[in-house]
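Q: Each chain, written out:
2 protein chains.
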Amino acid sequence: MDAADLAEPVSPLRTDDAAVAALRVLAVSGLPGVVVQAGHAYVVIPASQVLRVALPRYVLDDPALGRVWDESTADQLASELVGRSVADLVAALDRHQLGTSHVVDRDATVVQLAAVMAAAHLPLVAVVDHGALLGVVTANRLIRYLLT
Amino acid sequence: MDAADLAEPVSPLRTDDAAVAALRVLAVSGLPGVVVQAGHAYVVIPASQVLRVALPRYVLDDPALGRVWDESTADQLASELVGRSVADLVAALDRHQLGTSHVVDRDATVVQLAAVMAAAHLPLVAVVDHGALLGVVTANRLIRYLLT
Chain D
1 MDAADLAEPV
11 SPLRTDDAAV
21 AALRVLAVSG
31 LPGVVVQAGH
41 AYVVIPASQV
51 LRVALPRYVL
61 DDPALGRVWD
71 ESTADQLASE
81 LVGRSVADLV
91 AALDRHQLGT
101 SHVVDRDATV
111 VQLAAVMAAA
121 HLPLVAVVDH
131 GALLGVVTAN
141 RLIRYLLT
Chain L
1 MDAADLAEPV
11 SPLRTDDAAV
21 AALRVLAVSG
31 LPGVVVQAGH
41 AYVVIPASQV
51 LRVALPRYVL
61 DDPALGRVWD
71 ESTADQLASE
81 LVGRSVADLV
91 AALDRHQLGT
101 SHVVDRDATV
111 VQLAAVMAAA
121 HLPLVAVVDH
131 GALLGVVTAN
141 RLIRYLLT
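In order, the protein sequences belong to chains D and L. Read in order, the letters of the first sequence are residues 1 to 148 in the working numbering. Read in order, the letters of the second sequence are residues 1 to 148 in the working numbering.
Bear in mind the hints are in silico, worked out from the structure with no lab data behind them. Keep in mind that a hint or two might mislead.
[What the hints assert, rightly or not] These stretches of chain D come out as covered by chain L in the derived footprint (C-beta under 8 angstroms, 3 or more residues): (1) 6-17; (2) 37-43; (3) 47-58; (4) 76-89; (5) 127-135.
[Claimed, not checked] Distance windows between CB atoms, simulated: (6) L/30 with D/14: 25 to 31 angstroms; (7) L/41 with D/28: 31 to 37 angstroms; (8) L/56 with D/131: 27 to 33 angstroms; (9) D/145 with L/18: 35 to 41 angstroms; (10) L/9 with D/132: 48 to 54 angstroms; (11) L/16 with D/131: 27 to 33 angstroms; (12) D/99 with L/132: 38 to 44 angstroms; (13) L/41 with D/96: 23 to 29 angstroms; (14) D/106 with L/39: 28 to 34 angstroms.
All figures in this text were calculated on a predicted structure; none of them were measured in a lab. We put the beta carbon where it would ideally sit given N, CA and C, even for glycine.
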């Protein structure tokens with residue numbers, strides 16, 4: 001059993017797609033993250049990080065301050081995303097997450113999959129074959145396989 | 001709309017539960033993480049981190065080395081979990097994740113929910129009412145709400 005066997009197909013987003021397209025893909029797919037094709041590379045944006053670009057720095061540093069943000073409503077959060085691109089979502093990832101690979105080769109082992117997920121805090125990993133995206137393996141899928 | 005409105009019920013794990021119980025809850029619930037009750041506190045273990053305790057340090061530092069781990073099979077990974085407890089899974093979380101709150105109050109705003117998710121890399125947040133667990137809000141649930 002290798003990464004290719006566990007992968008499920010996804011359509012990657014492009015960096016010039018609108019940021020809200022990433023939210024729609026998450027809502028429709030039910031997957032815990034999206035894959036972005038950035039040139040010849042693939043980057044995963046976890047669902048937990050897709051709203052990062054919409055949040056002021058002081059709220060990320062101390063989430064309790066989200067309460068005192070004057071317009072801490074859903075409308076306000078959504079409006080912060082207007083005019084942003086998927087590239088902006090990628091750029092807003094934290095340095096540790098951006099500095100770690102989000103990709104494994106098609107013949108990667110379950111240990112490599114688990115390690116990439118754990119090291120980069122990714123709920124899913126992109127699986128590639130000679131640079132082409134085969135699909136993704138989610139953490140839940142890997143865990144279900146381990147229990148069988 | 002506040003955190004309590006968006007929360008879905010879950011049963012928390014206890015720290016003395018077997019580690020494999022966390023994997024089973026993930027497999028059955030389909031949720032992207034589990035909630036652990038640790039004394040009067042609640043901690044979230046993301047699905048991406050539940051196998052962390054089973055991985056050697058050098059593989060976490062460089063996932064590509066997972067390939068050269070002699071027995072990089074599913075059986076080996078699963079056997080590393082035998083005898084481990086949920087407390088061991090919590091202890092294996094990285095320092096940043098353990099040092100950040102995983103909980104919001106029932107009247108937390110959507111901005112606070114998004115900030116806790118983004119800051120602590122959590123695919124779900126625990127919602128409490130005077131210390132009692134009301135449920136969880138997943139990142140996907142929050143995003144679906146924002147799109148409505």
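Q: With reference to the structure, classify each hint as holding or not holding.
A: Hint by hint, here is what the structure shows:
Coverage of the segment 6-17 of chain D by chain L is violated. Counting CB-CB distances below 8 angstroms, 0 residues qualify, and the rule asks for three or more. Check on the segment 37-43 of chain D: 0 of its residues sit with their Cβ under 8 angstroms from a Cβ of chain L, so the three-residue criterion for coverage is violated. A stretch counts as covered by a chain when three or more of its residues have a beta carbon under 8 angstroms from one of that chain; for the segment 47-58 of chain D and chain L the count is 8, and the coverage holds. A count of 3 residues in the segment 76-89 of chain D with a Cβ less than 8 angstroms from any Cβ of chain L is obtained; the coverage claim is therefore met, three being the minimum.
Only when three residues or more bring their CB closer than 8 angstroms to a CB of chain L does the claim for the segment 127-135 of chain D stand; here the count is 0, and the claim is violated. Distance hint check for residue 30 of chain L and residue 14 of chain D: the Cβ-Cβ separation is about 29 angstroms, which falls inside the suggested range of 25 to 31 angstroms. Distance hint check: the CB atoms of residue 41 of chain L and residue 28 of chain D are about 35 angstroms apart, consistent with the given range 31 to 37 angstroms. A hinted range of 27 to 33 angstroms for the beta carbons of residue 56 of chain L and residue 131 of chain D is consistent with their spacing of about 29 angstroms.
Against the hinted window of 35 to 41 angstroms, the Cβ-Cβ separation of residue 145 of chain D and residue 18 of chain L comes to about 19 angstroms, which falls outside the hint. For residue 9 of chain L paired with residue 132 of chain D, a C-beta distance near 42 angstroms fails the hint of 48 to 54 angstroms. For the pair residue 16 of chain L and residue 131 of chain D, the supplied restraint of 27 to 33 angstroms is violated, since their beta-carbon distance comes to about 47 angstroms. The supplied range of 38 to 44 angstroms is met by residue 99 of chain D and residue 132 of chain L, whose beta-carbon atoms lie about 39 angstroms from each other.
The hint said 23 to 29 angstroms for the Cβ distance between residue 41 of chain L and residue 96 of chain D, and at roughly 25 angstroms that hint holds. A hinted range of 28 to 34 angstroms is violated for the C-beta pair residue 106 of chain D and residue 39 of chain L, which are about 44 angstroms apart.
The structure is inconsistent with the numbered hints 1, 2, 5, 9, 10, 11, 14, although it conforms to all the rest.
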